[in-house]
Amino acid sequence: MEWFDNGWGIALTVFLPLVGAVVLLAIPRAQETALKWTALVFSGAAFVSGLALLFRFDFSRTGDIQLGVDLTWIEAINARYHVGVDGISLPLVVLSVFITVLVVLYSWNHWPEPHNPKMLLALIMVIAVGMTGTFVALDLVLFFVFFEVVLLPMYFMIGIWGDRGIRHVPLFNWNIEMRLYASLKFFVFTLFGSAFMLLGFLALYFRSGDFLDQRTFDMLELAQLGSAGRFAGSFAFWVFFALFLGFAVKVPMWPLHTWLPDAHTAAPTIGSVILAAILLKLGTYAFIRISIPILPQEAKNWAWLIGVLAVIGIIYGSLACLAQTDMKRLIAYSSVGHMGFVMLGIATLTSIGINAAIIGMVAHGLITGLLFFLAGSMAHRYHTRDMGRLGGNMKLMPVMGVLLGFAAMASLGLPALAGFWGEFMALMASFNPLAGLDPTLFRGLMIAGAIGTVLTAGYMLWMLRSVNFGEPSDEWVGHDFHDVDAWEWLAWAPLVIATIAVGIYPRIVLGFTNDAVTQLVARAFGG
Amino acid sequence: MHVSFEQWLTEVANYVFLALAIPTLVGAWMVVTSTNIVRAVLYLVVTLAGSAALFIMLGAEFVGWTVVLVYIGAVIILFLIGIMITRAPLGSHEELSHPATVKIPAALLSIVLFTVVAWAVADAFGGLIIPPDVGATRTGQLAEVIFQRFVIPFEVVSLVLLSALVGGIALARKDDPEEPA
Amino acid sequence: MVPAFVSTLLPILAFVAEEGGEGGHEAAVQVGNGGALAQWAWLIVVVPLVVPFLIVFFGKKLPFKGWELAVGTMGFIGAYGTALLLANASSPIATEFTLEVGRIGSFAIEWGWVVDGLSIMMYFLVGVVGFFVFVYAKGYMEGDIRFTWFFAAFTLFAGGMLVLVSAPNLIQLIVGWEMVGLASYLLIGHYWEDYANVDAGNKAFMTNKVADAALFIGAIIMALSVGSFSFADMLAVVTAQDASSPLATFGFWAGLMLFIGAMGKSAQFPFHVWLPDAMAGPTPVSALMHAATMVTAGVYLLGRVFPFYLDPAGLFGGQVRVIIMVIGGITLLFMGLLAFVQDDIKKVLAYSTVSQLGYMVAAMGAGAYTAGLFHLFTHAFFKSLLFLGAGSVIHAVHSNNMSDMGGLRKRMPYTYATFVIGTLALIGLFPFAGFWSKDEIIASLYEVGIEGSGTGWFVFALAVAGSFVTAFYMGRAVFLTFFGEYKGHAQPHESSRVMTYPLIGLAAFAALAGLLNMPGIATPFTSWLAARRFPMGDVHAQSINWGLVGLVTAMLALGVFLAYRIFFPDRVTQAERDRFEIPVLYPLLRHKYYIDDLYMDGIVRPTMGPLAGAVLWVDMWIVDGIVNGAGVVARGLAKLVRWFDNRGVDGIFNGAAAATGGSGSVLRLFFTGKVQQYAALSFAGVVLLAVLFIIF
Amino acid sequence: MTIAQFVILGTALFSIGLYGVITRRNAVLVLASVEVMLAAVNINLVAFDVYLADQLYAGQIFTLFIIAVAAAEVGIGLAIILMIFRNRHDADVDELDLMRY
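Protein chains in written order, with the working numbering: chain H, 1 to 527; chain L, 1001 to 1181; chain B, 2001 to 2696; chain Y, 3001 to 3101.
It is worth saying that the hints were derived from the structure and are not from the lab.
Just so you know, even glycine gets a beta-carbon here, dropped at the ideal spot from N, CA and C.
Fair warning: there could be bad hints in the mix.
[To be verified] Result set (BS3-like, lysine-lysine): computed pairs, CA atoms no more than 27 Å apart in a straight line:
1) Lys395(H) x Lys2061(B)
2) Lys2592(B) x Lys2347(B)
3) Lys395(H) x Lys2065(B)
4) Lys2347(B) x Lys2410(B)
5) Lys1103(L) x Lys2639(B)
6) Lys2592(B) x Lys2410(B)
7) Lys395(H) x Lys2060(B)
8) Lys2410(B) x Lys2487(B)
[Claimed, not checked] According to the in silico footprint, chain L covers these stretches of chain Y (three or more CB under 8 Å from chain L):
9) 3009-3017
10) 3031-3044
11) 3061-3071
Pulled out of the complex, with its shape left as it was, chain H reads as follows:
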């Protein structure tokens, strides 16, 4: 198994879907079954490879980069193919490959228009490469490449398979097809962020030459320089700002969030699931992996702002949810709130907070993924997402209703389900933030965040009330709604089980992260 440990395991996990995409392109369009099986086999193989990583991972030193490889890639700029996993990235890698398999399973008989499964599956495969790759990359250029690989397929996915309803844009009085508006908005926002991110990376690269023999894009080397306090002053300030913009767009943090509701609402179901479950995590992961270790001092200086924006996101997202009538849009806005908790955890810069952030990311991936699956399936059956018209779903589709209830409860952070840990621990971390941060401010944020949990419960219950309960309206009388089908069960049951498992046994995630995070914090801030 030595070959597996020397980077091939990670390479398989990351690039098997790419091979799958190539194979898909070679299969004729008409052979849909073959296409589906190919996608399933390759994403499944990547998932198995991801699980195999778990077996080879040494849990006694989760803080170290393992199973990786460091090869020359672009010699001229000293960009390297440096990959590896540690306790922080491994759960996210596994989550990505896991969700990819589920998405392929779900898409088995849920094809958004225009049909064309070949292209859609190939895009999913490419997205999978980008997602997993981002989590294993340890070189800034490599990271950037993977980060951006996701962008274009997602753009096409929203733009081609997206919602064809008309979006009215107030203020300018445009009426645009939803998918066009949303895909462009997604693209422009992300590109905007990426441009700044790239600037930040380049600045770090050139600056590193002042301290090393050779300029480097290597995250670990840069982190060493960072913890030695090499990056300081206005240089560090601006670099952090550039990185912040790049990552915050992806998270998304208030007020850079407005692409999210549109993109999530317009995207086809599988697109929404991938977006919510994984793509949002790229930003928060980058904060933990890049911003904090490389620029610890600036992270400290900016923490208050990140914390405040995060809490604004929590409250603001929840309130916006209360005003929604579109079910999918409500879930989309709820992501703003949930990612606010993740960012609040990160902003405290303590090991509790960052642990909370990671378990919050995993939980949000599982739960919001499930919610979007459900919303998509319901919209597919009802042909509407308007909560004013829905109602009495428990009568029409009891199993779906129960699952929706479960997902909503998990999403509002019910203890003993996965969502609880992230929220509770993030609040806990903000009572005692890192020494040097203003405890009074963070305690205020804690209280505001706690109010946010109440509002979260409010809109989730409100959604359940209007969708699940009451008598179904006359509109649906006589319709024969088929309840959850086999492929849906296949895609959803693992999410339900994982949500419960992480809830009652959080070590599934914390076992990876705790030591790794503690070390990361110790390296960055000393002690």
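Please build the complex by placing chains L, B and Y on the supplied structure of chain H, with the hints as guidance.
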């Protein structure tokens, strides 16, 4: 082996260089600006001939003659045929280029590119002279290297040419022979 | 071979058992570890968590549609609880077992179970009361379309409560706490076809969630101050009187926040609003919710951390105690008053519960650990009895309203007899259960007053007045329901045996449970509860204060007498009774002191309506507006360029707008699809990079 | 003869070619401009080859390769232009915006 500008001016070869370089540049300029499409292509001959002459001046005789044969002999003819086939407007025509809204940014970009690279080149190589005793490259020597060291790339290039030939024919053929043009 | 990640992520279930009093601190009584009985007590918690799933998946195929699984579970818990109780009585048990399921920072997350006097009392209570209620529910829910589902949720309800009471740490407490909340939400909204019931469930959940937010904060402060979530670690700090601990700094806030959390579940003023609405659920739900589960959680929490609040030196949560006492006092009197004007018999009982919870909370605030929990214990029996009795009546007359009842004494003799026993126990007539527990609370408040606390006297006065109030509204309920002429439309008859037997069983407990704790005579209950790992430092009466007994008995006699005067059917006609509306007081009580309206109009509606709307408006018009505005600017530039383009090329202006297309594409400027533009842009990028490389 | 004079000449040719690529509307002329750029590259390669007195003549051989590839490119390019012209009756790259979303 540095040389100052005064020393540079004393060398005859440099005047030959200028005599070749200036027509080359002017030809290139006309290629991109001429309003007559046929003339533009013919100015390309000037540029390519200038470059061929420069190659010979540098001792790379085989390369120089290849340029003359392949480019001036074959490619230019290809261009002219292309012009004929596409019924491009003969004679002077303003529409061959974009308007000033495109020209001005393009010119700016080109000038900046030139300035930056030229500055960098001057910074790096300014005054380094080419050894005066450099002799002409014998074609035989070149052939030896090609067919020993570079034989695989050579074969690959031949494949590229072959596939270009096939591809060109495939593309230019009419899609449906039955359908009248 | 076990792979590394499996052994790391799933360590062998190595439980850590903590036994006996903490080293160095003297426990109140010598306690043992309870042996295998305590070790296997995890079954009490796990079985009711597993059974709901069994019921959901297999219940419909069983002969009794899943009911047998549910009632078997409760019977098992009741039996196990009884066994533990007996073991505890013979030799005190105080031990806990924990299993680490994760570690965050230096904080261990653990599940576990506590077996000590307090938790054993709760196991017993949940099991026994639950058993009776579940048996009864079979008759009550017969024919319900969601019969199976109901029992699944009902079992989960008990399971959540058991998670809560078995908790050795704050995390598990919170887990159980919210599981109870979830189950109550499901059960209150059991008839979800009607939005009124759904709203009642939402109200319960949301009110509790607000309090839970405070509980979260309290738990966080507590855990960070102590360095652990464990109650034992926290009580160790308290017992050691360690003034340098951060707990001494933050003790007041931690205590206050925890108490606010307790107020939510235990429906203390001003969080009481959800409980009367929770009557929307089926009656057995109300019976269990008001007796052994849910509302007792808050009192239980105060009992669990009692030394923290008792805190005679005032280092930790001592200052909160007076707040607890006053809140309890206000609740017990003023919420009791609301029962005067209710026509719905279940709401009378609901307000009665709130009021009795006020007694318990006031007792905890007064430092009377045993008295408060003893009242919890006795109250569970007689209040579940009363609810089941009310359910029996409702089942018979198909109405909740007492104006549709009357004269049922003859028609439903068993129900009548047991209801009266429950009433006597509730109003605290000697020697029924309520007498002993309530009297002890009043005696404790009296002692606080004697010690020189003005507040103590105040709450004492409220409590004495409360016994009058209790007697009055219960007298009213009994007279209106069981005496006089029958006024309803259905044909009432006695309920089936599956419903009356539980009534009789509970009536026996309601009559006799008080004998477990007779100050100065026999106090086995006190010694059960004292079996804790840390000394509780409890204050409780050593003997019966006959003077107080006389005072309270006089108050309740007055209450019953007035109720009799006003509401006894033979004495007053309907018309006269309806005129019994004291001007200011009556509307105030009818509108529940306007508190619900205040919440709805002051908080809920503004949040759901204008505030949420405003945020959405800001999102669409301002935050998004900036983005779209940038799009407009870019589009305008693109148009401008295009315009020049068209002018320069064609010399004619042929509809720039049409040419630009209708889409509001921001990217149009860049994504023209023109190869040359791409080339230009990429070279521009190259130049930019080159400049950067040269400059750096 | 200095190396710089050749390289700067190459740069100038390249920049002129770029200008042509961007500004020309007729596809044939865009190709011609590309040829100018290639010529610039060739001059660079040969000049450095001579300057370094390379025993492998790598610069000159690459120049030969470039000439060969350029010939192929012109052939294919003109064939494509012909195709487009046939389909659209126009060789104006302005109209070639099929790649737009």
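Hints versus structure:
Between the alpha carbons of Lys395(H) and Lys2061(B) the distance comes to roughly 21 Å, so the proposed pair stays at or under 27 Å and holds. A hinted pair counts as satisfied when its Cα atoms are at most 27 Å apart, and Lys2592(B) with Lys2347(B) qualifies at roughly 12 Å. For the hint pairing Lys395(H) with Lys2065(B), the CA-to-CA distance comes to about 20 Å; that is within 27 Å, so the pair holds. Among the hinted pairs, Lys2347(B) with Lys2410(B) is consistent with the structure: their alpha-carbon atoms are about 24 Å apart, no more than 27 Å.
For the given pair, Lys1103(L) sits about 18 Å from Lys2639(B) by alpha-carbon distance, which is consistent with the 27 Å threshold. The straight-line distance between the Cα atoms of Lys2592(B) and Lys2410(B) is roughly 34 Å, outside the 27 Å bound, and the hint therefore fails. Between Lys395(H) and Lys2060(B), the direct Cα distance comes to roughly 17 Å. Compliance with the 27 Å bound is thereby established for this hinted pair. With a C-alpha separation of about 14 Å, the suggested pairing of Lys2410(B) with Lys2487(B) holds against the 27 Å cut-off.
Look at the segment 3009-3017 of chain Y against chain L: 8 of its residues bring a Cβ nearer than 8 Å to a Cβ of that chain, three or more, so the hint holds. Check on the segment 3031-3044 of chain Y: 8 of its residues sit with their Cβ under 8 Å from a Cβ of chain L, so the three-residue criterion for coverage holds. Counting residues of the segment 3061-3071 of chain Y whose beta-carbon sits less than 8 Å from any beta-carbon of chain L gives 9, enough to reach three: the coverage restraint holds.
Consistency note: the structure conflicts with earlier hint 6 alone.
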